[in-house]
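Those protein sequences? They're chains A and B, same order as listed.
Going by this note's numbering, the first residue of the first sequence is number 122, and it counts up by one from there.
Going by this note's numbering, the first residue of the second sequence is number 128, and it counts up by one from there.
In case anyone wonders, no lab produced these hints; they're calculated from the structure.
Model, not experiment: these values are computed from the prediction.
Possibly wrong hints are sitting among the right ones.
[Stated by the list, open to error] Footprint (simulated), chain B over chain A, 3 or more residues, beta carbon under 8 Å: (1) 194-207; (2) 226-232; (3) 306-319.
[What the hints assert, rightly or not] Calculated lysine-lysine pairs in the PhoX-like style (CA-CA distance at most 25 Å, straight line): (4) A:Lys294 x A:Lys398; (5) B:Lys264 x B:Lys148; (6) B:Lys191 x A:Lys124; (7) A:Lys435 x A:Lys411; (8) A:Lys321 x B:Lys181; (9) A:Lys321 x B:Lys191; (10) A:Lys398 x A:Lys347; (11) A:Lys435 x A:Lys445; (12) B:Lys218 x B:Lys148; (13) A:Lys215 x A:Lys124; (14) B:Lys191 x A:Lys123; (15) A:Lys445 x A:Lys411.
Glycine included, each C-beta is placed from N, C-alpha and C at the ideal position.
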Amino acid sequence: MKKLINNPAHIIDEMINGLTKSYAHLVKRIENTTIVISIENAAKVGLISGGGSGHEPAHAGFVGQGMLTAAVCGQVFTSPTPDQILIAIRAANKGHGVFMVVKNYSGDIMNFEMAKDLAEMDGIDVEYCIVADDIAVENSTYTQGRRGVAGTVLVHKILGAAIDQGATLAEVKSLSDAILPHIKTIGVAFSGATVPEVGKPGFVLADDEIEYGVGIHGEPGYRREKLQSSADLAKELVNKLNNEFNFQSGDNYALLINGLGSTPLMEQYVFANDVFKLLTNVGINIHFSKIGNYMTAIDMAGVSLTLMKLDNQKWTEYLNYGVKTVAW
Amino acid sequence: MNVQEVLNWLNDFATLITDNKDYLSDLDTSIGDGDHGNNMLRGVIAMQQQLTEKQPTTIGDIFKVTAMALMSNVGGASGPLYGSAFMAMSKKANESEVLADLILAGANGIQARGKAELNEKTMIDIWFAVANALQVKQLTQRVIDDAIAATKNLQATKGRASYLGERSIGHLDPGTVSSGYLFTAMMNNLQGELA
């Protein structure tokens with residue numbers, strides 16, 4: 122394992138310190154916690170998210186005015202614990218309640234639900250949504266349903282913008298209900314990720330192998346095959362999304378291409394070029410696009426492709442709304 | 128069953144987790160995300176520290192301290208599941224200190240939090256197997272080993288391994304193996320409760 126670290130056991134602590142020292146004008150750490158919180162302190166609904174670390178810049182990179190109030194950083198690929206989430210809820214609550222964006226992983230859901238129970242005993246109103254945007258694994262045979270992956274970032278963006286414009290907790294909840302079915306993601310991996318405390322990759326692909334549909338912790342996807350051109354990869358992923366959305370000429374979409382950690386931006390732009398070609402060929406209008414590393418899997422190579430069908434002009438405005446965060 | 132025996136049980140559990148940390152993570156690498164050993168190690172270290180610091184004097188309080196330590200330090204799904212088990216056992220201990228009743232309460236606590244059914248390749252399989260064997264005074268190491276081995280041929284439909292579908296068959300469930308250490312340690316320290 123060749124990594125820029127001191128001690129695997131201290132990696133979260135040191136990462137949070139490095140981040141908050143570097144961007145002290147935007148965020149700070151709540152002492153003795155793994156919580157990164159915005160220095161903005163306006164009286165609005167609190168918006169918190171989090172999950173395992175290793176997905177940087179998610180989630181702490183999206184803390185700041187117009188997006189998250191706070192992010193709770195778990196151990197690498199491991200949900201944060203209820204006591205930490207509870208501290209974040211208390212800190213994010215300005216008397217208007219707190220909304221939590223949770224990804225559909227059983228650990229995340231259980232820990233955030235326990236924290237919600239604890240916060241409600243304190244008299245704090247807490248609502249939450251579960252993001253399940255990954256279309257790689259089907260919910261018919263998998264009772265857990267679909268995983269929450271890069272599309273989560275769009276949820277942060279939209280809900281954060283709505284809150285900045287004064288949305289109430291109930292309005293945030295109904296907005297999340299409205300947008301979640303419109304956000305779908307599919308990815309492809311070129312290599313596994315090495316969790317520092319484990320010291321070796323979670324899975325191994327041969328030099329010329331790829332796997333479609335791998336999750337953001339290296340969970341298996343739906344097909345492994347020989348490496349293909351960017352154009353062919355784009356075709357596979359766009360086709361999978363088309364099966365879900367059933368593209369019609371004239372439809373409006375937002376597009377997020379997300380690097381999984383080790384894929385250079387140059388390659389992501391090549392891939393983006395292929396995706397744009399395919400989508401414009403079928404007459405789709407892209408009203409918002411974002412390319413880069415937003416929800417990574419430590420050092421995994423590969424990309425994910427997220428589309429959001431924009432059925433409401435307001436959603437596009439929220440996506441384009443200005444924010445002050447480290448990584449948006 | 129007295130306070131010292133229960134503390135010895137939990138200390139032996141911590142030792143077994145420590146000694147088998149890499150094995151647990153290897154099992155989890157096959158069907159999960161490879162961190163079960165590290166997560167459980169963090170939890171049992173915190174558990175031992177807090178049991179030493181807080182010096183609980185009743186079995187119910189021991190389980191409560193254990194629940195909070197595991198919930199707050201393990202993370203992932205295992206933290207709330209083990210936390211819920213020991214919290215349920217703590218509540219139960221206030222009315223009954225019969226081991227079979229306690230373990231059954233723990234099994235129900237896990238099921239309430241995780242919402243798994245039997246035979247979905249999760250730790251509730253071994254918790255109910257042990258609870259049932261205790262009920263009829265037939266808990267042996269064989270029962271524990273069989274419950275662990277039985278997970279190998281099941282297809283996971285709950286928990287992170289469920290994303291593997293059929294590919295989860297042929298691998299042991301890491302949460303069941305770590306629970307197996309808890310019950311092996313229990314047998315070694317609470318012989319008087321078994322017969």
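For each hint, the structure was consulted:
Only residues whose C-beta sits within less than 8 Å of a C-beta in chain B count toward coverage, and the region 194-207 of chain A has 11 of them, enough to reach three; the restraint holds. Residues of the region 226-232 of chain A lying with their CB closer than 8 Å to a CB of chain B number 5, which satisfies the three-residue condition for coverage. Residues of the region 306-319 of chain A lying with their CB closer than 8 Å to a CB of chain B number 3, which satisfies the three-residue condition for coverage. As the CA atoms of lysine 294 of chain A and lysine 398 of chain A are separated by approximately 35 Å, the hinted pair breaks the 25 Å bound.
For the proposed pair lysine 264 of chain B and lysine 148 of chain B, the alpha carbon gap of about 31 Å is over 25 Å, so the pair is violated. Straight-line distance between C-alpha atoms of lysine 191 of chain B and lysine 124 of chain A comes to about 39 Å, which puts the hinted pair past the 25 Å bound. Taking the CA atoms of lysine 435 of chain A and lysine 411 of chain A, the gap is about 18 Å. The hint holds against a cut of 25 Å. Note on lysine 321 of chain A and lysine 181 of chain B: the hinted pairing is violated, with a Cα-Cα distance of about 38 Å set against a maximum of 25 Å.
Proposed proximity of lysine 321 of chain A and lysine 191 of chain B is contradicted: the alpha carbons are some 36 Å apart, above 25 Å. Proximity of lysine 398 of chain A to lysine 347 of chain A is assessed by CA-CA distance (about 23 Å); at most 25 Å being required, the pair is judged to hold. As the CA atoms of lysine 435 of chain A and lysine 445 of chain A are separated by approximately 20 Å, the hinted pair is consistent with the 25 Å bound. Among the hinted pairs, lysine 218 of chain B with lysine 148 of chain B is inconsistent with the structure: their alpha-carbon atoms are about 29 Å apart, more than 25 Å.
At roughly 40 Å between alpha-carbon atoms, lysine 215 of chain A and lysine 124 of chain A are farther apart than 25 Å, so this suggested pair is violated. This hinted pair does not check out: lysine 191 of chain B and lysine 123 of chain A have alpha carbons roughly 41 Å apart, beyond 25 Å. Between the alpha carbons of lysine 445 of chain A and lysine 411 of chain A the distance comes to roughly 16 Å, so the proposed pair stays at or under 25 Å and holds.
Hints 4, 5, 6, 8, 9, 12, 13 and 14 from the earlier list are contradicted by this structure; the remaining hints agree with it.
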